[in-house]
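> Listed here are the chains, written in short residue letters.
2 protein chains.
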Amino acid sequence: MSPHDTVLEPTGDLLALLRALCDLPSVSGSEAAIADAVEAALAPYPHLEVLRDGDAVVARTSLGRAARVIVAGHLDTVPIAGNVPTTLVGTGDDAQVWGRGTVDMKGGVAIQVALAAALTAPTRDVTWVFYDNEEVDAALSGLGRIVRNHPDWLVADFAVLGEPTNAGLEGGCNGTLRVEVRVPGVAAHSARSWMGTNAVHGAGEVLRRLTAYAATDVEVEGLVYREGMNAVAIRGGVAGNVIPDECVVTVNYRFAPSRSVDEAIAHVRELFDGFEVTVTDASGGARPGLDAPAAADFAAAVLTFTGGAPAPKFGWTDVARFAELGIPAVNFGPGDPLLAHKDDEHCAVRQLHLCHDALRSWLTT
Amino acid sequence: MSPHDTVLEPTGDLLALLRALCDLPSVSGSEAAIADAVEAALAPYPHLEVLRDGDAVVARTSLGRAARVIVAGHLDTVPIAGNVPTTLVGTGDDAQVWGRGTVDMKGGVAIQVALAAALTAPTRDVTWVFYDNEEVDAALSGLGRIVRNHPDWLVADFAVLGEPTNAGLEGGCNGTLRVEVRVPGVAAHSARSWMGTNAVHGAGEVLRRLTAYAATDVEVEGLVYREGMNAVAIRGGVAGNVIPDECVVTVNYRFAPSRSVDEAIAHVRELFDGFEVTVTDASGGARPGLDAPAAADFAAAVLTFTGGAPAPKFGWTDVARFAELGIPAVNFGPGDPLLAHKDDEHCAVRQLHLCHDALRSWLTT
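Chains A and B are the protein sequences, given in the same order.
Using the working numbering, you'd call the opening residue of the first sequence number 3 and step up by one each time.
Using the working numbering, you'd call the opening residue of the second sequence number 3 and step up by one each time.
Hints in this document: simulated from the structure, not taken from any laboratory.
Certain hints may be false.
A pair holds if it fits inside one copy or across any two, identical chains being indistinguishable in the list.
Below 20 Å or equal to it, Euclidean Cα-Cα: the simulated EDC-like pairs (lysine to aspartate or glutamate) are [what the hints assert, rightly or not]:
| hint | residue 1 | residue 2 |
| --- | --- | --- |
| 1 | Lys344 | Asp247 |
| 2 | Lys344 | Glu248 |
| 3 | Lys344 | Glu137 |
| 4 | Lys344 | Asp25 |
Only chain A is shown next, with the shape it has when bound in the complex (with noise of 0.2 Å):
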């Protein structure tokens, strides 16, 4: 059977759903069969109304119920690990699978599949929503190009995001910046090097600073945020034989949510005075906001089930986009957000089956 003939069962065994999902394979740009497939296990449901766009698809309710809620999970993975197809290691509720996109976020994404066939009326309107492109630049994100195509699709009152988060919940997230500083310098032939000025050489002192920085906590509405000032790529040179005559590192700031995107740019801007700076990609943070009601309201009803405690989220995640469109978002998934992208990713079944159950209770009571 190739990848493109797998049939989702929704209301199957949860575990054989979340193994199916993940063993079509559907890196970040490949997303198609696996849209196709969850097109195809939600659309003969009539208390569901499915859209598409591109391989995102959206199912909602329209039951009329006071309040509206998204549940939302990309589709995508980073590139496969020979970590697919999925393996089990244990029995029962100690059992452990292991595989590409078991953390990230396939465990969310099974268990959207199965509320959203399996919960006919919900007490809160849901609108179920399952995107492309995450794992790569935010123009591409799926989620992204909906807000773009069709802005009332993602009309609601609070949203939920099934990224992973060890069945805890962590509110907002920290910002991104990435930017290039460029060091000039001058060619010349390496065996005359003294005509010229390397470039590479030059770098140094970026290293250097980056090297001195110390990264600050923020502690924002009671949750602290860890910050990271990191060269994540450095590139220079032509040839062997010849100065190079320009050398650029590629730096990434992880910012709290209490500073906006112009703050970090400034802050990095003077960081690396002297230098040339180019800001490539910048997304904002997203306060925790878990006093909105909505949120609190979640946080007790899921919380209570799994046991965990709200935390702040580190990496950038959608909760960001849905905070500028004014929609109170945590994230809220199985799965430990340290193994994801890693090529021993694997996440708990308990987790799985926790924050399923939970979900369930808060949408049915």
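Given chain A's structure and the hints, the job is docking chain B onto it.
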């Protein structure tokens, strides 16, 4: 007329010969047409035995003279930069010929072709050597290939290499060593950078040592060789949201001919103590050897003619390969070596004639 139909006129105008050689693009690896043209130009002369190996051509006299000299030059150039065909600026002795190869080193090659044809009875037997692939990895060198395939073609008492020296005489050459200095790290998501170890930040120490390094001037047999220690490339980083787990700095050490390759390697390993150092390319230098009788004789003859003085050669040239074969060798050719490989490469026509006349005088008296 396609370049493959180019006919060289060895006994015609020297400048026209130089321009014809330059206008035949012959970037390293694509020397077939120019080798064909040189072979065809010299084959008709009964005083020459013309030999071929790949895209290298050797033409030699066998007059039973007491001494044999090699006059050698490479046929290839670095990639052209819109500077082919050549242009002529100015007139007469003030003229300059502009274009790829005018300096490095079609001037020397033109002189060889002209004199090989013209000198039917030189005072020393001459082996004229034209070879391919000098501007690329040492392993590809056409001269090195002749050494392996036909060592008997390269028997001589002295060698002149027509590399550009501004019509002066440059003795010996610096050695060159390339190493990769590897800085390890531990990958992590850049949103949780404290889980990893940033290899690019770690490379700051490598750049600090390079910047602090004081290159020395080394006197060898009366000539002062200026050394250089430079990063020629740096690379690190796998994705915009990952802490780099490796950074590699490529370092090029140009060292005086008084040091052996092993001493150069030991010096670089000591400089980067604590880091993994991998040697990727190493060629020893050559002592000037101007005290050898053949070299002293040549220097006296040509420098009286051109008015130049012996100087050190900073760049690595094939005089080092001749030195390895036990053949004293010097660089002597038209063109400013600082213009080699440059987009504005150009040569004074006066120097072309000076070098031609000096070499002719030496080989006929």
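> For each hint, tell me whether it holds in the structure or not.
Results for each hint:
1. Lys344 / Asp247: The answer is between: 13 Å across copies meets 20 Å, while 36 Å in one copy does not.
2. Lys344 / Glu248: between (33 Å within a copy, 17 Å between copies)
3. Lys344 / Glu137: within (14 Å within a copy, 43 Å between copies)
4. Lys344 / Asp25: Result: close within a single copy only, 17 Å intra versus 55 Å inter.
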